[in-house]
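**Q** Residue-level listing of the chains:
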Amino acid sequence: MKNLKTILFIGLLGSLFSCEDLDIDPQQSLSTELAFADKQSVEGSLLGVYSLTQEWEVFGSLPQVIADFQADNVRFIGSFPTLQEIGIYTTQADNVTVRDLWRAHYRAILAANAVVAFTPDSPDEALTTEERNQYVAEAKFMRSLLMFQLVNLFGQPVNVAGEDALGIPIVTDAFSGEIVDFPRNTVGEVHEFIINELNAIVADLPDTYATSAFTRGRATKGAANALLSRIHLYRGEWQLAADKAKAVLDAEAIYGLAGNYSFWGENNSEYVFSIQNSEIDNGRTGSGGWGSYYNSAEDGGRGDAPFSNALIEAYATNDMRITALSKENVNGEGVSLLYTTKFPDVVTHSDNSPIIRTTEIVLNRAEALAQLNGVNDESLALINDLRDRAGLEGLSAGNFASKEAFIAQILEERRKELAFEGHRRMDLLRNNLPLRPESDTYFDASKPGEDRTILPIPQRELDINTGLVQNPGFE
Amino acid sequence: MSLAQYNQYRSDRTGDPVSSFPQTGFDWPEAVIEQGKISNLNVSASGGSDNTTYFISGTYFMQDTYALGNELDRFNGRLNMTHKFSEKARFGANVGLAKTFNDRINSDNSTFAPLTSAFLHLPYNKPFDENGNYTRLGFVPNLLALADLAQTEYVTRRTTANTYFEFDILPDLTFKTDWGIDQIQTEETMRYPDIIEPTGQGYKRIIQDYKWLSTNTLNYQKYFGNDHFFGALLGYSYEQSDFASMTVEGSGFVSDKLPNVASAATPTITSATGTGWKLASYFSRLNYRYKDKFLFEGSARRDGSSRFGMDNRYGNFWALSGGWVLSEEKFLQNNSILDFLKINTSYGIAGNDRVDNFASLGLYQAGSLGDYAGSPGIYPSQPANPTLGWEESAQFDFTVYATLFNNKLDIEASLWNKRTTGLLLDVPIPYTTGYTSYAQNAGVMRNRGIDLMINSLNVQSSGFEWRTILNVGFLKNEVLELPGASEDSKGRLFVQGSSSQRAIEGYSVNTFYLVRYSGINPETGEAEWLNSDGEPTNTYSTNNREIIGSAIPRISGGLTNTFSYKGFDLSALFTFTQGNYIMFDDLRFLYSPNNLNSFNLDPQLLDYWTEENTNSFAPRLDGTTQANFGQRSTIHLRKGDHIRLRNLSLTYNIPANVLERTNVLRSARVYGMLQNMLTFSNLEDGLEPEISGNGSDNQIQGESFFTPAQAKSFTLGVSLGF
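So the sequences go chain by chain: A and B. Per the numbering used here, the first sequence starts with residue 1, numbered consecutively. Per the numbering used here, the second sequence starts with residue 1001, numbered consecutively.
Looking at chain A on its own, in the form it has when it is part of the complex:
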């Protein structure tokens, strides 16, 4: 017994003087150096950029649903005060949803900047120069796409306020630890940056990838040209918009209009670029998501975003874009509402986010050519393809009294094709059209150039970045 105690005592004394080791490695994270140490981690860092855009606030439905309800496609009946105020044109600078939208975009932009900055110097020799260039080009495509979405939301369109209107800060470096008070660049500068960047990277991007999920869900030559087509269209640079659209549509093996509306939910030729979601990997939050906005409460969604009456009235009764792509719901109060069926997965939220569809590129070209040449056969043929798919009769040149009437028809087709995908707000503003019909309470506030047709720079950012200036009307 006595010996036992002595041994125990010595043992304990020994432990007393043992040296401690206070180093612990995090288990779910890597240090920044390891994140670019080899090919797999570089590719992981790149995929992380795409992944950050799955988020609700980026391509996970929030900016897109705002674009449809601030305009005239959606009658927003949701309960989120921060979304309500955008819908009734009383948005405040401290709107937390706007704040989070800004945050999530820059988070993804800075992740892209890190890929741009660190990929060329990755020590792994297995990574070829070609691969490095492609990864950098993909990251540059993503930050261009993100900056374009931001500048459309936070800056007045060029046709309304010119190239010198306040845009968003262009941030291209990875975060170094030094906090920089980035000022806002002008809308013109942001556009120029994006156009230059996209033109420079097209050559480094592939046409397709090994899997269809990557061909539709990662940056390609087609996606870069498609985005260029959209930017030029928004800027009224018709010839460039038409040319870039043609560059996409000429790749017929990759892109083409689907024959009917069952293309939704699959990776097929209808999609130029769509953010890939799955049951286990999507941007839905408790606050919202494609499936929750666009499905009724009785079906398990939030039911926030049914068709507006104006949109229902816009469709002919036999237009398959409404008959095949909507669902009626009678709510608890006995009121009948119509919801789109483009995002049916209200349970696991696996619907992809449609960012650029072949249909849009067809419409871009049709519109740009109409602007250039007035009523013309190619534009007619393009929209007749869409009308044919919708089960409607084709139109002919004789239907249109003027160039303006023809363009109006193309925009109307655009609205019906792309409803609920986040296009409507910019399509109206860039054509100097008010977001709401004349009968609407908010008609005056919704006119192009009005303060609250765009979003305020988040108060939180103004508070801590003295380089920023608020949009007029939000001070």
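Hint data in this document are derived by calculation from the structure and do not stem from the laboratory. Not one of these hints is a red herring.
Here are the computed lysine-lysine pairs in the DSBU-like style, where the Cα-Cα straight-line distance is at most 35 Å:
#1 B:K1257 / A:K327
#2 B:K1476 / B:K1490
#3 B:K1712 / B:K1126
#4 B:K1712 / B:K1408
#5 B:K1291 / B:K1222
#6 B:K1204 / A:K342
#7 A:K403 / A:K447
#8 A:K342 / B:K1126
#9 B:K1278 / A:K39
#10 B:K1291 / B:K1418
#11 A:K327 / B:K1126
#12 B:K1490 / B:K1639
#13 B:K1176 / B:K1222
#14 B:K1257 / A:K342
#15 B:K1476 / B:K1418
Non-contacting residues of chain A with respect to chain B, defined by C-beta distances greater than 10 Å in every case (computed):
#16 N159
#17 V202
#18 N260
#19 D319
#20 G374
#21 L395
#22 N432
#23 E450
Even glycine gets a Cβ: it sits at the ideal position worked out from N, Cα and C.
With the hints as your guide, set chain B onto chain A.
**A** Okay, now just chain B, sitting in the frame of chain A:
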């Protein structure tokens, strides 16, 4: 609002007749508030021999709270024992076991919380359809279906144990080694039926939090002569925590009767994670006492925390104190008033490492936020801050202890000043960095205060006794420096905590910074706020935010009065708080006219301005400020001042001579207790001054989102000693 009020308001707003709205509804608040109950049973025993002592106890506690679907069961067991091997060697062990079973639907900030959603549900939403089946209500769920059909269990099992061994190496020198573990296992099981989450959803999370701690000390204590006592302590301790969690979630069930995630068609989360921290400390202490009249103590320690960067991992801390028992001096001996008087003063520096486990590292995180299209990915999650180090607090204390009037009055008063440097704050940085915030040693803060404790026996005569205990603390918090922080329009440096509050240089660390609401203009019927010059304006603008006040109370404390007579004790405890503000974020929902058709609303909105009702709560319905009336401002802020009768109890102790006759009972008492029966404050009914929101985040205090009121309870009890 009731259904009738809601329909009236809707009709006033829309112009449609009341008859065009649903005429039947449901009283949700009424349905989710029930009579709660509490049972508590406690048994303990102690005993032993010359060499061995033991104490065992067991407790069972059951609480069925007043909110629908919330129940708590807790079992506690404890065993303490000591054993002497010899005169020189001693051994002891303490073991505690606890199991808590909590059947809870969420509380506070969740639409699944009964006391949140009951107030948000539109009054015409009904829990049952015509056939008596539950209805599916969406975002704000059907609470009755949730309480009835969902499984929402939260089980915690905790084992705490320590053993120690003490050995007298020399008569005055003792070695002690103490080894302890604290193991907490939490199991969260949720299963939502089809009616709440379509196709059903299941969720299980198991968290293991395993801590161990070892403390080893050498303790020397000796009297030199009769007057000089000397003590010294040398020690080393090491503490380590390993934390692991496993989560699975799935959706798509054939039937609500299948409880486990394994039966789900689609696994939506399959996750296992781990983290940990380590803390190592070397410490020493010296004591000297002269004739129990003068007391000195000095201590020094060196702590190392795994949370900080390599260069700032260790911190050195120390403290000195000195005391003088004046009542031992000749000039105060034989004083008829004063029984005991001591003054004590101390100064010391202590460290704090309360930051996230890997707060100093630049990190890329893996997981579904990095993964894409079925391939693994990573994303930047935290910027590096290699200089992150210990927060240090230097505290000065001066305390007076006095006992007067034959021990009838005890007074303890202390004056203290605490200056914290290298204040650990989560500092927001511009989103254009790609990050939200990072932990920084951001500034200097001062807390100072006076603490007072008075224990007085006011009356003592033939069987009647009246005793008063007063505790009161006065506190002033001020941020002294925030170098490098953001600057507001008036040049003040600040670190933002939430949309309502910030730490501001020269002000409290939890300063409410809000637009001031001024009221409805009786002439125009429009809502008015104050601009920065204090002039009323119809324009709501965040540029008009001003410093309003602090979330930290200036005065807080408690007052107990006990009256005893012939075995009866009547005791009343009042607690009080003064000087703090509370932001009721829930009012932002209930006061917002924009929420018509989305949520239920506060009945005060019916009191809107008209030509006949010019002194109103809400603006005119067609006014330009109607849409902004719900914006964040001081209309949602309240003073937190209150006095609460926390506890009122009446106890009867059965007299010893009665107990003796039983031959079994050693003591027995019966009691009745009322809790939280009265609250005096300026708050409207339903607003609770004691709030829990954001509990541990020291940058966000005093903000509430539907914090339920403290339960008013009535307890009857019996306590028996054998």
